[in-house]
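K.L.:
Here are the chains, one letter per residue:
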Amino acid sequence: MTTRTMELMVGVFVAAAIAALLFLALQVANSGDSTRGETYTLVAKFDNIGGLKVRSPVKVGGVVVGRVSAISLTGEYYEPLVELQISTRYDRFPETSTASILTSGIIGEQYVGLEPGFIDEFVEILGDRGEIQNTNSAMVLENLIGQFLFSQGDN
Amino acid sequence: MDNLVEIKDVYFNRGERSIYEGVSLVIPRGKITGVLGPSGCGKTTLLRLIGAQLKAHKGQVLFAGQEMSQLSRSALYETRKRMSMLFQSGALFSEMSVFENVAFPLREHTKLPENIIQTVVKMKLESVGLRGAADMSPSELSGGMARRAALARSIVLDPEMIMYDEPFAGQDPIAMGMLVKLIDELNDTLGLTSIVVSHDVQEVMSIADHLIVMANKTIVGQGSPQELRENGSELVQQFLSGAPDGPVPFHYQAKPYSDDLLGAHL
Amino acid sequence: MSAFHVLGRNVLNTIQGVGEATVMLAQALIGKPQPRKMFPLLMRQLYVVGVQSMLIILISGLFIGMVLGLQGYTILVDFGAEQALGPMVALSLLRELGPVVTALLFAGRAGSALTAEIGLMRATEQLSSLEMMAVDPLRRVIAPRFWAGVISMPLLALMFNAVGIYGGFIVGVEWLGVDDGAFWSVMQSSVDWQDDIMNGVIKSLVFAIVVTWVALFKGYTATPTSPGISAATTQTVVYSSLAVLGLDFVLTAIMFG
Chain Z
0 MTTRTMELMV
10 GVFVAAAIAA
20 LLFLALQVAN
30 SGDSTRGETY
40 TLVAKFDNIG
50 GLKVRSPVKV
60 GGVVVGRVSA
70 ISLTGEYYEP
80 LVELQISTRY
90 DRFPETSTAS
100 ILTSGIIGEQ
110 YVGLEPGFID
120 EFVEILGDRG
130 EIQNTNSAMV
140 LENLIGQFLF
150 SQGDN
Chain D
0 MDNLVEIKDV
10 YFNRGERSIY
20 EGVSLVIPRG
30 KITGVLGPSG
40 CGKTTLLRLI
50 GAQLKAHKGQ
60 VLFAGQEMSQ
70 LSRSALYETR
80 KRMSMLFQSG
90 ALFSEMSVFE
100 NVAFPLREHT
110 KLPENIIQTV
120 VKMKLESVGL
130 RGAADMSPSE
140 LSGGMARRAA
150 LARSIVLDPE
160 MIMYDEPFAG
170 QDPIAMGMLV
180 KLIDELNDTL
190 GLTSIVVSHD
200 VQEVMSIADH
210 LIVMANKTIV
220 GQGSPQELRE
230 NGSELVQQFL
240 SGAPDGPVPF
250 HYQAKPYSDD
260 LLGAHL
Chain Y
0 MSAFHVLGRN
10 VLNTIQGVGE
20 ATVMLAQALI
30 GKPQPRKMFP
40 LLMRQLYVVG
50 VQSMLIILIS
60 GLFIGMVLGL
70 QGYTILVDFG
80 AEQALGPMVA
90 LSLLRELGPV
100 VTALLFAGRA
110 GSALTAEIGL
120 MRATEQLSSL
130 EMMAVDPLRR
140 VIAPRFWAGV
150 ISMPLLALMF
160 NAVGIYGGFI
170 VGVEWLGVDD
180 GAFWSVMQSS
190 VDWQDDIMNG
200 VIKSLVFAIV
210 VTWVALFKGY
220 TATPTSPGIS
230 AATTQTVVYS
240 SLAVLGLDFV
250 LTAIMFG
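Line by line, the protein sequences are chains Z, D and Y.
Each residue of the first sequence is one higher than the one before, counting from 0 in numbering that gives the first Met the number 0.
Each residue of the second sequence is one higher than the one before, counting from 0 in numbering that gives the first Met the number 0.
Each residue of the third sequence is one higher than the one before, counting from 0 in numbering that gives the first Met the number 0.
You can trust all of the hints, since none of them are fake.
Here are the simulated lysine-lysine pairs, BS3-like style, with alpha carbons at most 30 Å apart: (1) D:K57 - D:K80; (2) D:K216 - D:K254; (3) Y:K31 - D:K54; (4) Y:K36 - D:K121; (5) D:K7 - D:K57; (6) D:K80 - Y:K31; (7) D:K110 - Y:K36; (8) Y:K36 - D:K80; (9) D:K110 - Y:K31.
Source of the hints: derived by calculation from the structure; they are not laboratory data.
Turn these sequences into a full structure, and let the hints steer you where they fit.
P.N.:
Below, the structure is given as structure tokens:
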């Protein structure tokens, strides 16, 4: 086994490993991950975030445009504040947009759905750290049951 | 005649067993010193103490006036370049050819250009009679040849001292004869100090200028072969003549024979 | 001696062993890097440790991937969820099986070989003779082997994963009829580069360090006799396997818990 052959084989070994890595990166993993590249932050306050987690997706009409980057409580009244990292490709959300916490499927994971609002000459576009005013919180099971019972009671 | 190595009143333990108790000896410069003694009395330990692979618990181990256990790591490595050790098994590196093995110390410690390394290695191999075996791998060599190759490797940096650990053990008469001749000649031509640890009494006595006999954790005899043969203690005499019984008894410690045989019936 | 005594002594011995091993590794790795001398040694070890393990890793990866595809399909098809075969195979491999099985195979093949080789070098006094020739055996013998192990194993785990996923693809799509497009697309939407692939790589890096370290230490401290080396080789495989499985639990809890 000459040194030459040995170095060749080690080179093949490393090349095979790189090939494997590329295969995994391109074919297997989430390509076109929208949180790669430049992002900016939008924030939204909710009454209840339900099962939303950090790194949950942010979608517009089902298309992923970003990820939840932080969840915390803010202000005197401890309101839940969610920070969203949105890809800079989608930087024209007007302040009239709505953020809702939705569930994918019936018992799937929760995500933040954004609906862009209307745009006219008085409406500002949200920039970095802009706040989305209109929010819909997650549906909490107990509240739903309560609503249902109340509505039954009225009948 | 000064002494290259001096050992003064050394005590050494391995675990709980004491190996040396109050050992003092000198190794004269430029001569061949034989270290003899029964198996297991710690002769190899002596070489390891001189090379500072082991540290004595008490006493001094001096090489060229330096206390070996006090040296810093880099000073120790420098000092080790002045001495060489030939291990019992030769200890050639199994993944290199004989040539590469002999060239190893040169490549490690000198910046000599390749053609000079080639020349020096060939010269050293020639002096041990193995120039034709340069491209063989250690697994292809016989025991005697492996030792000679290891010997070539130990002289390649022209050390001041070589320590031989049981060089004659298990060799056939011809190989033994070759090794004896080599040790003697190299000592003279290269001006080396040689320490030969062995229990092959005849071979060592034939070339040694100075003998040290060890037993019972200490030195029992020091001097020229002539002196020891004539004036040595009983123990030394037994060792040198190879008598089966004497101060080192034949029977291992046991209770009396008749008790042992008849006692079972009681 | 009471059980407490024995237990206590074993614990102390283990702690002492870990300390010894740390000192050995520190002495081997800390120091001025000498790229010109070390690089050929590293190259050779990469060959011995990495390239020569490739075959067993690739074959095992393929079979495990295929088995995952088969078993996965039989289970999922009962729930009508065979479209989830892709992510099932991929995530099982990337998060767990890839790093762990590669580490176990590596410990058995390369780890035991390292232990035996170094134990043998000690028994034939090659390590002593390096010391006497003023060459530090830790830097010359141990260090290149350590780096070779740490570099090779994660690479092998990547290959294992890739081949395994492909094996799952062959069984699931070609053989059992799962939809080709669905297999890959559901997989892609479930596999995250950072959480799954990189975490798997981090796991195999940790395992690589542990397995190589144990193998080298056991070889370096083996009793230099035949039974001694044989015992050391067995211990390498056993201890590093247990360590890998234990660490796997800890890492999984940290990463995915």
